[in-house]
Amino acid sequence: MKHGRRGPAFWLLAAFFTLFVMFLYGPTLTILVLSFQGPTGGLTFPLVGLSTHWFYNLFETQLVGDIAGALKRSLILGVVVMIVTMVISFSAGLAFRSRFRGSSVLFYLAIASLIVPSILISLGIGLLFRVLGLDPTWYTSAFGAHLTWTLPFGVLIMLAVFNRFDRRYEEAARDLGATPWQTIRHVVIPIVLPSLIGVGLFGFTLSYDEFARSLYTAGTFNTLPLEIYGMTTNITTPVLYALGSVTTGVSFLVIAVALVSLAWVRRRRARHGSDAGKAA
Amino acid sequence: MTRISRWTTYFQITPLAAIFLLFLVVPIATIVVVSFFDYTTTSIIPAFILQNYEELLLSPVTWQTYLQTVEFALITWVLTLLIGFTLAYFLAFHVRSATWQQVLFLVCTIPFWTSNVIRMISWIPFLGRNGLANMTLMKMGLIHQPLEFLLYSNFAVVLVYVHLYTLFMVVPIFNSMMRIDRSLLEASLDAGATGWQTLTNVILPLCKPGIAIGSIFVVTIVMGDFVTVRMMSGGLSASVALMMANAMSLLQYPAAAANAVVLLIVVLMIVVGMMRVVDIRKEL
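Each protein sequence line maps, in turn, to chains C and Y. Residue 223 in numbering that gives the first Met the number 0 sits at position 224 of the first sequence; the count goes up by one each step and never skips. Residue 71 in numbering that gives the first Met the number 0 sits at position 72 of the second sequence; the count goes up by one each step and never skips.
Bear in mind the hints are in silico, worked out from the structure with no lab data behind them. Each hint should be verified, as a subset may be incorrect.
Unchecked claim - Partner residues are not named here, just some residues of chain Y that face chain C (Cβ under 7 Å, in silico): (1) F22; (2) T29; (3) H93; (4) Q100; (5) V102; (6) I117.
Ideal Cβ placement from N, Cα and C applies to all residues, glycine included.
Let the sequences and hints guide you as you build the complete structure.
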């Protein structure tokens with residue numbers, strides 16, 4: 000397969016791949032275009048002029064609910080979930096390197112957390128708070144619910160990373176007199192940093208976009224996906240698309256930040272790379 | 000291991016254990032307990048009755064809904080598997096430069112980090128009565144009236160499932176494929192196998208773990224979904240989770256809980272069946 004000219008199979012598959020990418024991104028691009036619909040335009044083509052009317056509409060009127068508040072709550076929640084996911088996943092990754100009682104139970108709990116339908120976790124936490132007489136809020140119950148979704152990804156990524164981690168680096172650091180904390184700070188973290196950035200990306204975006212796990216756990220104040228879902232039933236103007244474009248824009252911004260940081264880490268490594276074998 | 004380092008390990012793992020205990024184990028236990036409770040129109044009453052399960056399992060609506068949900072899951076599974084496998088195969092064996100491989104892989108995964116609800120909404124301008132699909136088909140003269148089944152139908156539900164969840168197949172299958180020793184393929188071709196024979200006799204069996212992981216994701220998500228069904232079928236179709244959500248909105252918490260327990264058992268049985276093919280811990 001590695002040699003010779005590209006056969007018809009390649010072009011057929013390439014065409015299929017291209018079609019799939021269009022299928023994947025086409026709808027998102029369409030609502031991006033339609034969110035610039037003129038003030039008199041509707042939910043479908045044709046475009047009746049171009050304007051930013053619906054974007055203003057989004058934050059101006061209180062007609063459509065508390066968009067700004069929901070966006071703020073989702074951003075705060077996303078950032079906190081991201082940080083907590085990174086810290087706990089990293090810590091758990093370190094712990095999973097040694098055998099301890101309950102390690103396989105915890106591993107299977109992480110898997111269970113991934114495969115138990117989100118709506119059940121949402122329902123369970125909602126019921127639990129109800130039985131305990133507590134009010135669910137976005138920063139308590141929904142926060143916990145989101146962690147049950149982001150942590151399995153974080154923990155599995157860290158497990159995979161530490162499976163390939165060369166412990167001799169740590170031993171070397173210890174031999175050179177580093178304290179355990181210094182070893183982690185100056186040796187372990189820099190080595191696993193790219194994966195930690197990845198864990199952070201999962202942490203933020205999965206929380207920011209989570210719907211089902213927020214449904215019975217967010218309480219009185221909606222997070223953004225809940226607010227959007229509420230809008231779909233009673234809003235029939237392109238303001239819906241404007242909101243979609245803004246939301247997707249935030250996601251893309253976060254993805255871009257993660258990718259740029261990854262590239263930055265990689266370049267830094269190339270510059271301050273290993274000096275092995277270069278000794279005089 | 001010294002005593003101190005054992006304590007360190009427990010210290011490092013406690014946050015994770017605490018979160019899973021508080022927000023996974025205890026809530027699921029709560030569902031199980033509440034499923035035996037009694038309820039009136041305004042309150043839930045602690046009790047131990049089997050009535051919730053009786054009402055659920057003796058109702059033909061339940062069985063129809065489960066059948067419908069399993070059907071959605073099966074159709075989505077077949078489609079995402081075929082499409083996902085083809086895409087992964089192209090990426091792993093036909094894209095030659097590692098950079099392009101990474102870029103195209105990223106292109107497939109980026110939508111995973113964006114909002115599902117928004118991605119569902121994005122289909123409205125395509126599938127609606129006056130949407131792009133109908134307009135295009137009418138202009139081409141293929142149809143004379145707009146097709147009504149495009150939006151708010153089972154077709155739309157499955158389309159969106161494929162749109163949202165194919166990447167859950169692509170990622171693990173691609174990972175499996177990248178682990179295949181390339182010399183095996185050379186050997187297969189040298190031994191006289193055609194490309195197709197190599198695909199079915201060498202690549203496919205070696206991709207089993209990836210296929211199993213992808214299948215677990217897709218099937219469990221579809222089995223537990225209600226947002227897609229509600230939004231894309233416009234209330235015309237049902238799913239188990241939707242039935243549960245309806246019971247919740249009527250404040251019939253114990254009825255919803257009993258349904259949740261049954262759904263959980265069904266999903267776990269499916270997963271255990273699929274896990275026989277793969278040891279997840281070895282895959283990391």
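Comparing the hints with the structure gives:
Restraint check, F22 (chain Y) versus chain C: the minimum CB separation of about 4 Å is within 7 Å; hint holds. Taking 7 Å as the C-beta contact cut-off toward chain C, the hint placing T29 (chain Y) at the interface holds, the least distance being around 4 Å. This hint holds: H93 (chain Y) has a C-beta 5 Å from the nearest C-beta of chain C, less than the 7 Å allowed. With 7 Å as the threshold, the beta carbon of Q100 (chain Y) stays out of range of chain C, its nearest partner Cβ sitting at about 12 Å, so the hint is violated.
Hint status for V102 (chain Y): violated, given a least beta-carbon distance of 11 Å to chain C, over 7 Å. Nearest Cβ of chain C to the Cβ of I117 (chain Y): about 4 Å, under the 7 Å cut. The hint holds.
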